[in-house]
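Q: Keeping their order, the protein sequence lines are chains P and L. Oh and the first sequence: position 300 is 299 in numbering that gives the first Met the number 0, straight run, nothing missing. Oh and the second sequence: position 181 is 180 in numbering that gives the first Met the number 0, straight run, nothing missing.
Honestly, I wouldn't trust all of these hints.
Dumping the calculated DSS-like pairs for lysine-lysine here, alpha-carbon to alpha-carbon at most 30 Å [unchecked claim]:
(1) P:Lys74 to P:Lys134
(2) L:Lys224 to P:Lys214
(3) P:Lys214 to L:Lys352
(4) L:Lys150 to L:Lys224
(5) L:Lys88 to L:Lys224
(6) P:Lys214 to P:Lys190
Quick list of the computed label-pair ranges, beta carbon to beta carbon [stated by the list, open to error]:
(7) P:Gly107 to L:Leu302: 20 to 30 Å
(8) P:Glu164 to L:Gly211: 49 to 59 Å
(9) P:Leu176 to L:Ala169: 51 to 61 Å
(10) P:Trp187 to L:Ala165: 28 to 38 Å
(11) L:Asn61 to P:Ile140: 40 to 50 Å
To spell it out: a stretch of chain L is covered by chain P in this simulated footprint if at least three of its residues, at any positions, have a beta carbon under 8 Å from a beta carbon of chain P; those stretches are [claimed, not checked]:
(12) 87-97
(13) 216-227
(14) 330-342
Note that these hints are calculated values from the structure, not bench results. Quick caveat: nothing in here was measured; it's all calculated off a predicted structure. Glycine included, C-beta positions come from ideal geometry on N, C-alpha and C.
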Amino acid sequence: MIVGDNPIKAYGLLIGSALSYPVGIGYTLFYTTPLIFTGLAVAVAFRCGLLNIGAEGQLYVAAFAATWIGISAAKLPMILLVPIACIFAVLGGAFWGAIPGVLKARFGSHEVINTIMLNFIAISILGYFTQYHYKTPGDPIMQTAPIGANAHIPRLGQFIPGMPEFIPLNFAFILALLACVFVYVFLWKTKFGYEIRATGLNPTAAEYGGIAPRKQIIVAMALSGALAGMVGIHEVLGYRYVYYDNFSANVGFTGIAVALLGRNHPVGVLFAALFFGMLERGGIPVDAFTEKVSKDIVDILKALVILFVAGEAMFQMLFSKLGVMKEQ
Amino acid sequence: MSDFITLLPILFFTTLRLTTPLLLAALGGLFSERAGVINIALEGLMLSGAFTSAVVTWKTGNPWIGVLCGIGAGVAVAWVYAIFTIKFKADQVVSGTAINILMIGLPGFLSGALFLSSGSTPSIPEQAQMPYFPIIFAFVMVPVTWYVLYKTPFGLRLRAVGENPAAADAAGVSVYRIRYTGVMISGALAAVGGAYLSIGQASLFTRNMTAGRGFIALAALIFGKWRPVQTMLACLFFGFTEALTIQVQGIQFIRWKLFTAILIIIVAVIALFVIQLGKERETSNEKLPLWITATSGFITFLLAAYITKRILGVVREYWFAETGIPIQFIQIIPYVLTIVVLAGFIGASRAPKALGQPYQKER
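Okay, chain L solo, but in the shape it has when bound (with noise of 0.2 Å):
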């Protein structure tokens, strides 16, 4: 265990960051989605973000200016997503690829035009890079974005729209004009998060530099049900599987004991599923104690723990008895989990219940 105990404040700290993209575009997509509004598009928006921020800060020599240019441009993309999607009701995954291959090419012909070079923007020095703020707005912004749903009337009419259109409708709250604004928050948070990427992380902007995170933020919105603070862990969760993933990189081959501390781990996160699950059910019916939920899910989790220690033994006997656990073993976890639980633990009936679904005002 020594080498997993060295490895954790570092493990910690490469969490935080590489949670920071995926939280905020997840909460972005938590605003779109509890509106009704499906956005695959996050990954475009973020893509965005990081390219308008990191020629804007090339530019002026200031993140700031950067950050919002970003957010500009995200709400533009995001604006325009709303109006094929809401406006025009095309369908929403189609339209939402269409706004991801849009904004592979778009910043590559444009950066080839501005600097010919359509691979990547130009280099910006380390005083104009923005790295730990970016990290602080995000986790600031999950019980932000908690008190706007629950609290304030605006979250309720977003709410009320993803569930139920027509009701809102007749109770005098504008659809459409909800759906757009929902929409439009949610390209302006994932633009910060590409922004984050793009001169934050890094000091330029590379083609497609976002590789697959805003489909992963969307992953954690679901794995968090589309609410705020369950998203958060979830993006941790992922975070904290792709730090193992960077942080081992040079290993190689992952310890065995380190994987099985892993497994354990994630299996922690399962039985805390069952637990709430079983929690959401018994609302309906009698509460039972807390002592009973408890002690039930720590010996599930035990159970989980034991059952999954002894499979490993066998595995390793058979498969890897000379090396450890390849590191791409580690990199499908979050996709696993996520189709497990999407399988297991999450009926559809969670989703916002228009989800997807066009909205017609009758005439």
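Chain P extracted, bound-state conformation (with noise of 0.2 Å):
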């Protein structure tokens, strides 16, 4: 663009490898799923009227349960261990979760403010743990020890003819898929995800009808931090295998992103998470590759896309204008 780089080349990087069979594709939906996971999370938590900013902190909670089952219980095997790594890390994030929406039910405290301290609590606190507790002695990084080999779960590659086992695209892409399928039952064809809809659509109409809201805002808390942890499942069992301090970049804060884009519904959710997840792979060449374009560009598109969707009266005030200008 203005920068003095090609700017074909620089969005026909960012695009080319991001479509490419089989790595390129690998990769995109490699970085899709943990969007897909908290996209959900905050999709879930607007439908019910809350903003969730606590994904983040959520996602740490329940990737270092995940962790710690995977370390303590490293001797169980696998067809028990992964199940219940991954309950410990969906249980964690149902708790970090649920903390705002108690705080909000019991308090009336708002959640903007609660989630966003918790983040900074759950950093610290586990920096704590993973500091003094379960690093392995001597090693510079800060990260825990690894989780034991019966933790792992499989890589994608394994299965799929051509994709390359390097590629860390693992069985939670699945997962993710199956969550977008749960939360489009749970929210549409349940009664408790009625309650949750007509909480987030009017409070008082949903009590008057027979609803209590504040059991509808801890439910929908506590499921939209399920979902964020569920990122710790990715994260920690399919790719990493330890917990490492500060892991995700914002991925938290992309759900939201993801969330409004995808208009609060599965499928969107789905959608849009594919076109972040195919931004955050095209970023990397186009940082390797051009000279002065960075990889920041990615965070640029996604803040616009934010602040255009949440705008989205300025197009009909745009398009009301254009169409007095013909009837003119």
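Take the two lone chains and join them into the complex the hints point to.
A: Right, here's the structure in full:
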């Protein structure tokens, strides 16, 4: 653009590398997986009228819970350990998500501030545990000891022909697709989901209709945290095999963009996550092969998407003005 | 206690230094939130000021021009935020988050283009830094803010627009114009706070260098109940805990006595809060004599301090018998405190009534 590199080349790199088979697509789907989880997490909370900015903290707690069980129960057979570790991740996230839910329901304190504070608290406390209790002695990097091999979930490269095994795309991607289906069924086909949506649309009316908004708020936040927590399954059990301090590259915040762009609907979230996953993957070669365009362009694009989706009224104004001009 | 006393003067100046960016951002947030616009974007506004002032100061060698340009950038970004939230009625928290993400990416992108390094800008020489002015400016801004807010027509309109925009509109106040002004003032102040980080405390801009200070400032604003002096006290308190973590970083573990002292200070802060809350409740009924309030406050404080000490003793015996208290436990104090205060002491009613609601002028 204005900075002196060929824009077509930069965008070409961005999109081309994200869609090449099999490496590009593999990595794109790998980056998509956590965004599906956090996107769904934000969407579920949104449907209940809550903004969950705390997906970041929830996924850290979940990742650490999974790591903890992966280290301390490393001797269990794989068939037991993997599901247990997954359940711990989900429960960890649900627990951390339920805290702002309870605070909102019980004291009426705003979930946005509470989730931001809980993000900082999670990072600090988990940093403490990593540093003093679960680190391999002498390791200069802030990460825990590796989890047992029985807690690893398989990479998809083992099953899909032509997909090299070094690509960290793993089983969590399938789980993410299942989570989309689950959220759809839960929100639109069950009584619970109906009550959550009713609370989000109009808490007062819901209460008159016999729904307890306080309970819905707690359930929605716990579910939101559980979904964010599944990022822990993807990152720890499927990719890093350790808890790495500060591993998430703002996946929780990107989840807000994903949910917004996906209109808080599971199908929309899936495609929005794919779009952002493409950007994440495409940003790497842009950084490496152009002189001046850095991968920060991905953050900028993300921010612009959020802004323009949030400010959709702008387009309505624009169109109505155009309409007026035509009439004249 | 001796190590605590030797630390005290250093701690005092470090506290002032670390409070400055928080205070500027929080006062900025005050102008915007009192007008009814939530300002989660403080973080991004600070970053825009930090980046611009670092680059301009490096280019010109003059920190005053740098700060002015930083303010310009902050106002410009705040203007964009205002257009989206006020004119297009976008969700304020969501677009604030977008501004924050944008300001993580944009400085990196620009500095990558200008200096071929997306991580940081070139370092500016020491004589072009501005280590003291922003500190003074920040603390002078507290009475200025108070005066503007409570003693000028503009302040009255600002508060009216934040509490009841429809009534203000009916009284002939332009809701949109006041809100735009409030948000842009918040951009200017937050930008000075950011500039202090890049050309006051450091000599260059690094990626995401505010590291969550905008959010802490927001917490301080809520903690201070959207009032200038209380907000300053909250900022000082947060600055103090941050100063502690920095001062004892080399030690890694804090001595028990020091930790107890800190906790007692915190208890004192909470006790003060309770007393003040009691005072405000009484305004509706008959007023209690001052000595009763004071004595009850003092007894509350003593009781709380005693209980804190006993609980600490138990915790110490069970978990940290051999070591001291890890630094992370000091770090989380402001965050935990914010949650506790939010849940216990501040009802939703204290926030400006129209906070977060876009205003639609009737046609």
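Q: Hints first: check each against the structure and report whether it holds.
A: Evaluated hints:
Only pairs whose Cα atoms come within 30 Å are accepted, and P:Lys74 paired with P:Lys134 is accepted, the gap being roughly 19 Å. A threshold of 30 Å between alpha carbons decides the hint, and for L:Lys224 with P:Lys214 the separation of about 28 Å falls inside it, so the pair holds. Restraint check for P:Lys214 and L:Lys352: satisfied, since their Cα atoms lie roughly 26 Å apart, inside the 30 Å limit. Distance check on the hinted pair: L:Lys150 and L:Lys224 sit about 19 Å apart at the alpha-carbon level, within 30 Å; holds.
Under the criterion of a C-alpha separation no larger than 30 Å, the hint pairing L:Lys88 with L:Lys224 is consistent with the structure, at around 25 Å. Taking the CA atoms of P:Lys214 and P:Lys190, the gap is near 13 Å; set against the 30 Å cutoff, the hint holds. Taken as a hint, the range 20 to 30 Å holds for the pair P:Gly107 and L:Leu302, whose Cβ atoms sit roughly 27 Å apart. Separation of P:Glu164 from L:Gly211 is about 38 Å and departs from the stated range, judged on CB atoms against 49 to 59 Å.
The hinted range of 51 to 61 Å is satisfied by P:Leu176 and L:Ala169, whose Cβ atoms lie roughly 54 Å apart. The given range of 28 to 38 Å is respected by P:Trp187 and L:Ala165, whose C-beta atoms sit roughly 37 Å from each other. A hinted range of 40 to 50 Å for the beta carbons of L:Asn61 and P:Ile140 is consistent with their spacing of about 42 Å. Counting residues of the region 87-97 of chain L whose CB falls under 8 Å from any CB of chain P gives 9; the rule of at least 3 is met.
Only when three residues or more bring their CB closer than 8 Å to a CB of chain P does the claim for the region 216-227 of chain L stand; here the count is 3, and the claim holds. For the region 330-342 of chain L, the stated coverage by chain P holds: 8 residues have a C-beta nearer than 8 Å to a C-beta of that chain, and at least 3 were required.
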